[in-house]
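Let's have the full structure, built from the sequences with the hints guiding it.
Protein chains in written order, with this note's numbering: chain A, 1 to 226; chain B, 1 to 114.
Just so you know, the hints here were simulated from the structure itself, not pulled from any lab data.
Keep in mind that the hints are not guaranteed to be accurate.
[Said to hold, decoys possible] Listed below are the simulated DSS-like cross-link pairs for lysine-lysine, each with C-alpha atoms no more than 27 angstroms apart in a straight line:
hint	chain 1	residue 1	chain 2	residue 2
1	B	Lys31	A	Lys11
2	A	Lys104	A	Lys15
3	A	Lys15	B	Lys31
4	A	Lys15	B	Lys103
Everything numeric in this text was worked out from a predicted model, so none of it was measured.
Residue strings, one per chain:
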Amino acid sequence: MTQPRLIEVRKNVLKANDVVARALREQFRAAGVFVVSLVSSPGSGKTAFLEKTLTLLRPQYRVAALVGDLATENDALRLARSGAPVRQITTGTLCHLEAAMVQKALDGWDLNQLDILFVENVGNLVCPSSYDLGENLRLVLISVSEGEDKPLKYPTIFNSADVAIITKIDLAAAVEFDYAAAYGNIQAVRPGMQVFQLSAKTGEGVEKYLDFLGARLTDLRSAAVV
Amino acid sequence: MHELSIAMSIVELGQEEAERRGVQIEAIHLKLGALSGVVREALLSSYELACEDTPLQGSRLVVEEVPIVVFCAHCQARRTLSSTQWFCCPECGTPTSEIVQGKELEVVALEIAA
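In structure tokens:
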């Protein structure tokens with residue numbers, strides 16, 4: 001029997017996605033739009049959080065959102081109540097968004113007319129971590145009712161994200177949420193990660209996070225001018 | 001579970017290379033980082049499925065698992081982590097998020113019939 005032969009190739013399996021993500025990032029940069037994506041498990045309050053964000057940012061910034069879901073347009077309808085332009089990406093059976101879906105959903109939108117674009121991923125803490133969507137900032141959300149050890153269970157998604165948001169803090173006392181443990185776990189899997197804690201329902205903590213987004217947009221634009 | 005779509009990308013990539021080089025692939029060698037977000041076992045079973053009815057049917061996927069390597073600013077050295085849950089230098093304990101290695105999802109070699 002002859003020996004098999006090895007041919008060296010070096011190819012990133014997700015190259016097709018990365019190529020589209022790079023093109024998107026360049027398109028966003030050229031239009032001066034700040035793109036923020038959201039990942040979390042289902043039911044962590046992404047849509048309520050985004051609805052609050054859009055409503056409060058709208059007087060000051062031109063905001064819009066893309067929302068991913070396997071089925072239904074419920075989230076887009078909910079978010080449209082904020083008055084911001086919203087488009088739904090229905091993924092069918094796919095458990096995550098890919099860069100090409102974002103690109104397709106943006107078709108016909110004039111990005112120059114936007115300051116901040118939000119992209120809400122499908123509720124899933126596993127698969128979205130592998131896919132770059134061309135965003136500037138990725139937020140990972142965990143609600144107080146999910147337990148403090150979520151970061152330890154899903155370290156990869158925390159590593160792919162830039163900022164963590166602890167949501168539903170109005171329920172913290174009822175579920176005996178341990179903030180120190182949660183912060184410790186986030187820092188264990190992603191040292192130095194910035195964390196915000198807020199309630200989209202009561203508005204507690206929301207202002208601090210919105211100020212942070214505003215500051216990041218200013219940074220992005222001043223960097224582009226230099 | 002996105003391993004099936006990843007497996008299909010691997011098969012597609014293998015098929016392209018095989019056609020371009022005019023060879024028959026017996027195995028694809030893949031580097032899989034601990035932080036790639038892809039599970040080895042699920043990928044292996046998905047690979048078999050993705051190969052069905054393609055020229056790669058019957059081929060193997062050889063997975064080399066790549067551990068997380070970080071750069072420790074305190075030690076000024078690269079350190080291998082044994083867990084995805086504790087991003088601290090195993091020597092001095094300094095927290096670090098400077099990842100040098102561990103996100104790989106890369107086809108590195110093709111094994112072909114001689």
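Taken at face value, is the distance from the CA of B/Lys103 to the CA of A/Lys15 at most 27 angstroms?
Answer holds: A/Lys15 to B/Lys103 is near 13 angstroms, not above 27 angstroms.
Are the Cα positions of A/Lys15 and B/Lys31 separated by 27 angstroms at most?
Roughly 14 angstroms separates the two Cα atoms, so the pair holds.
Given the proposed pairing of A/Lys104 with A/Lys15, does the C-alpha separation stay at or below 27 angstroms?
With Cα atoms ~18 angstroms apart, A/Lys104 and A/Lys15 stay inside 27 angstroms; holds.
Hinted pair B/Lys31 and A/Lys11, Cα distance within 27 angstroms
The hint holds at about 10 angstroms.
Of the numbered hints stated above, none is contradicted by the structure.
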